[in-house]
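Novice: Take the given structure of chain E and dock chain L to it, following the hints.
Protein chains: 2
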Amino acid sequence: MTIVGEFELIRDLLEKVNPAADTHAGTGVAQGRGVWLGAGDDAAVVDGRRLVMSTDLSVEDVHFRRSWVTFAEVGERAVTGAASDLAAMAAAPVAVLISLAVAPEEAQAVLSQLGDGIKAALSELGVPLVGGDLTASPGPIIIDVTVVGEAEEPVTRSGARVGDELWVTGVLGASAGAVRAWRDGGEPAPSLRAAFVRPTARVKEARWLVDRTQVRAMIDLSDGLAGDARHLAAASDVRIVLDLRLIPAHPDLPEEDAPALAMSGGEDYELCFVSPPGVIGPCVDDFRERFGIELTRVGQVEEGTGVVVVGAPEGQNELPMGFDHFSARKGSC
Amino acid sequence: MTIVGEFELIRDLLEKVNPAADTHAGTGVAQGRGVWLGAGDDAAVVDGRRLVMSTDLSVEDVHFRRSWVTFAEVGERAVTGAASDLAAMAAAPVAVLISLAVAPEEAQAVLSQLGDGIKAALSELGVPLVGGDLTASPGPIIIDVTVVGEAEEPVTRSGARVGDELWVTGVLGASAGAVRAWRDGGEPAPSLRAAFVRPTARVKEARWLVDRTQVRAMIDLSDGLAGDARHLAAASDVRIVLDLRLIPAHPDLPEEDAPALAMSGGEDYELCFVSPPGVIGPCVDDFRERFGIELTRVGQVEEGTGVVVVGAPEGQNELPMGFDHFSARKGSC
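These protein sequences, in sequence, are chains E and L.
Residues are numbered in my numbering as their position in the first sequence, beginning at 1, plus a constant of 1.
Residues are numbered in my numbering as their position in the second sequence, beginning at 1, plus a constant of 1.
Isolated chain E, as found in the complex (with noise of 0.2 Å):
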C-alpha cells in the first residue's frame, strides 16, 4: 500500500520550487545557503540562530464544521495544532503569526470567539501573536497559523537507528472517534470531544525527554500513527514494526473501532519517537508523575523499509494507514 496524495503532491511542488542544486536528492528539501533543514520533516529550520518554522492551515469543512466546534475551539486548536510541529523538533516556541480569512458579515462575531481559543493557546504556549493578515472569505473560515521557534539541536525524523524502541505519549484515537461520531450523525463522548478540539501541543514533554533521556527521532502524531511512523522510517532509511497490541488506544472509544482508530486516526498530537532500547523504560514513572500521561512503546526500529504492523487479530490484513486529505480522506471530515 502507498500512501499518495498530499505528501507526492508537496514533494512535487518542492522539487519545482527549489533548485535542484540545493536539495537533497529525490526530496526537494531545501539545504545549504542558510537552511540548516528545510521542509519534509515537521517544521524548517533557519541557520545562524537554529530557527524552526512550520505552518499549519486549517479550513472550514476540512478540518472541522461549526456544527461541531465552536469558533473559539476553532481558534484554540489551529493555534495547537501548529505548536505541535514545534513539539516534534523538541524546539520551543518563540513567536506565532495567524492569517485568517472570514465572510464581511460574520467577521466581527466570528473574529472576538477565534481571538478567545487564539488567545488561550498562546497563553498556554507562553508566546506572543506578532503578525498576522486578515481578508474576506467568500465562504469557508481559514485560518493558517505559522509558529516560530528555537531549539539548540532540534530532534528530526531521521536519526532512528536498528534496534531501537518506539514509544508514544498519551493515547490515541480519541480525536478521530469524535470525528466519526460526527460523521454518523451523533455526539462524541465528552473526553473524545475534548481530545478533538482541545488538544495539548507536547512542548514540555519533548523538552523533557531530550533533557532527561535519549531521543533519536520524533515527530508528532498529525497523520495518524501508521502514517507517521512511515514519515520517520522513511527519512531514517529503516522499518518500524509497530505492534497493535501495545497501541495505548483512548479508553472510551468503542471496543471495536479502538484498535483502527488508535492506529490510523489523525490529530492525536501526541509524540511519537524513537530512543535507544532501555533508555526510556526506566523513565516512564517520572515522566507520569511530572504530566499526568502515559509513556508507552509501541514498537521497534528494523533493518528495511516501510512500516510493518503485526499483532493483528486474524484474517485482518488491510493496514490502516495515516490520514491524507488528497487521498483517503479518513479520520476527519
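Among the clues, some could well be false.
[As the list claims (entries may be wrong)] Examples of chain L residues toward chain E, derived with CB under 10 Å:
hint, residue
1, Leu58
2, Val70
3, Thr71
[Unchecked claim] Output of the computed footprint for chain E on chain L, the stretches with three or more beta carbons under 8 Å from beta carbons of chain E:
hint, stretch
4, 133 to 145
5, 256 to 264
[As the list claims (entries may be wrong)] Just some of the chain E residues that point at chain L, by a computed CB distance under 10 Å:
hint, residue
6, Thr56
7, Ser59
8, Val70
9, Ala96
10, Leu98
11, Leu101
12, Ala102
13, Thr136
14, Val163
15, Glu166
16, Val211
17, Thr214
18, Pro255
19, Val280
20, Ile294
21, Thr297
These are computed hints drawn from the structure, not numbers from a lab.
C-beta: ideal position from N, C-alpha, C; glycine also.
Specialist: Leaving out everything else, chain L in the frame of chain E:
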C-alpha cells in the same frame, strides 16, 4: 473620514490575544519577551537575531479571479506581495513558508502551475521554500505566504519627523487600473495587467536607499498611498500632507481616473518612505540608473495627525482612501 474595518478588527484581535502588559498602550502590539517589534508594522521582528516576519493571505475571488490571471501568476504574486513587507522593513529575505488549499479534483494541475509562479518569485528573491501545508479546499484556492527575513536595523513606520519629505518609488495605480478594467468587463492594457500579476518586491531598492541615504520611516504600498500614508502618520504621530499634483500615476491609466487610482489603488507594492529634507533629491539619478524606476517626492511631514491631500481639482473634497476588504472594497475584486 475614518478607515474602519480590517485595521480595527486586527487591532481588536491583537488586543484580545496579547496580554495588555506586553503591548504598547491601546494598540495590542506585542513588545517585550524577546519580541522587538510585534504586529502593527509591515512585518514582525523577533529579537536577538533581528528576524523579520510577515504573512500574507490570498483568497480566490477576493484577491484574484481565475478568469483574470493564470495560476502561475497567482503563485508569483502571492510570494512577491508577502516579500514586499520585508522590503518595507529594509530586511533581506531568508526563507518562505507557504500554505495552500486547493480542491482535490483540480489539485494536480493547479499546484503545478502555482509552483511555476512560486518558483519564479523565490528565484527572483533568492530564497528557499522551507515549509508549508497543503490541504483540500471546499472551493476557493487559498495561498498564505509567510516570509522570514533579517535586518540589522529594520526600518519601521514610526520614525517620521516634522519637516521630513515623503517619497515613493516607481509609478502608482496600475494594479488598481487593471482590476478596474476587469471589473468593467474589459481587458486591461498589458502594462497595467503586468503590474497586477507581476509586481516587484522592492527589496534591493530598500537596501540601496537605507545604505546610501537616510530613511526615517517606510511602508510598502499595499492598501493605497492615502491609506498607507495614514499608517505612517499614525505610527509616527505626525500629519502627512500629500500633493495630488506630484503623485506619479502610471502613464497608461485613463487620464480621468489616474489621480484617484494612483492615490487609492492598492497592491502597487512600491515603497513609500520618509527622509530628512534634501537627502533624497541628489540620489534620484543614481537610483534611476541602478533600478530603472523613479523616486518621486509626493508630500511632506507636518505637525498634527492623519493625512491631508492638497492640489486636488476644484470641487473635489472627498479623498480616495486606501483599500480595506472589510469596508470600502475599493481597488480590488
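Novice: Next step is simple, just say for each hint if it's right about the structure.
Specialist: Checked hints:
Because the beta carbon of Leu58 (chain L) sits about 4 Å from the nearest beta carbon in chain E, less than 10 Å, this interface hint is met. Residue-level restraint check for Val70 (chain L) is violated (minimum Cβ-Cβ distance to chain E is 16 Å; threshold 10 Å). Below 10 Å, beta-carbon pairs count as interface contacts, and Thr71 (chain L) has none with chain E, the closest being about 15 Å; its hint is therefore violated. Taking a C-beta to C-beta cut-off of 8 Å, the stretch 133 to 145 of chain L contributes 11 residues in contact with chain E, enough for the three needed, and the coverage statement holds.
Figure legend: the stretch 256 to 264 of chain L, annotated as covered by chain E; annotation inconsistent (0 residues with Cβ-Cβ distances under 8 Å, at least 3 required). A distance limit of 10 Å between C-beta atoms decides the matter here; for Thr56 (chain E) the minimum to chain L is near 4 Å, and the interface restraint holds. Contact between Ser59 (chain E) and chain L, as hinted, is supported at the beta carbon level, the nearest pair being about 8 Å apart and thus within 10 Å. Below 10 Å, beta-carbon pairs count as interface contacts, and Val70 (chain E) has none with chain L, the closest being about 16 Å; its hint is therefore violated.
Annotation: Ala96 (chain E) was flagged as interfacial toward chain L, and the flag holds, the nearest CB pair being 5 Å apart, inside 10 Å. For the restraint placing Leu98 (chain E) at the interface with chain L, the shortest Cβ-Cβ distance is roughly 5 Å, inside the 10 Å limit, so the hint holds. Checking Leu101 (chain E) against chain L: minimum C-beta separation of about 7 Å stays under 10 Å; hint holds. Here the hint on Ala102 (chain E) is kept, as its CB sits about 5 Å from the closest CB of chain L, short of 10 Å.
A least Cβ separation of about 5 Å between Thr136 (chain E) and chain L falls short of the 10 Å threshold, and the interface hint therefore holds. Annotation: interface hint on Val163 (chain E) violated; nearest CB of chain L at approximately 29 Å, more than 10 Å. At about 29 Å, the closest approach between the beta carbon of Glu166 (chain E) and any beta carbon in chain L exceeds 10 Å, and the interface hint on this residue is violated. The restraint placing Val211 (chain E) at the interface with chain L is violated, with a minimum CB-CB distance near 21 Å, outside the 10 Å limit.
Checking Thr214 (chain E) against chain L: minimum C-beta separation of about 27 Å lies over 10 Å; hint violated. At about 27 Å, the closest approach between the beta carbon of Pro255 (chain E) and any beta carbon in chain L exceeds 10 Å, and the interface hint on this residue is violated. Of the supplied interface hints, the one on Val280 (chain E) is violated, with its beta-carbon coming no nearer than about 30 Å to a beta-carbon of chain L, more than 10 Å. With its C-beta approaching chain L no nearer than about 27 Å, Ile294 (chain E) sits outside the 10 Å limit, and its interface hint is violated.
Residue-level restraint check for Thr297 (chain E) is violated (minimum Cβ-Cβ distance to chain L is 28 Å; threshold 10 Å).
Of the numbered hints listed earlier, those contradicted by the structure are 2, 3, 5, 8, 14, 15, 16, 17, 18, 19, 20, 21.
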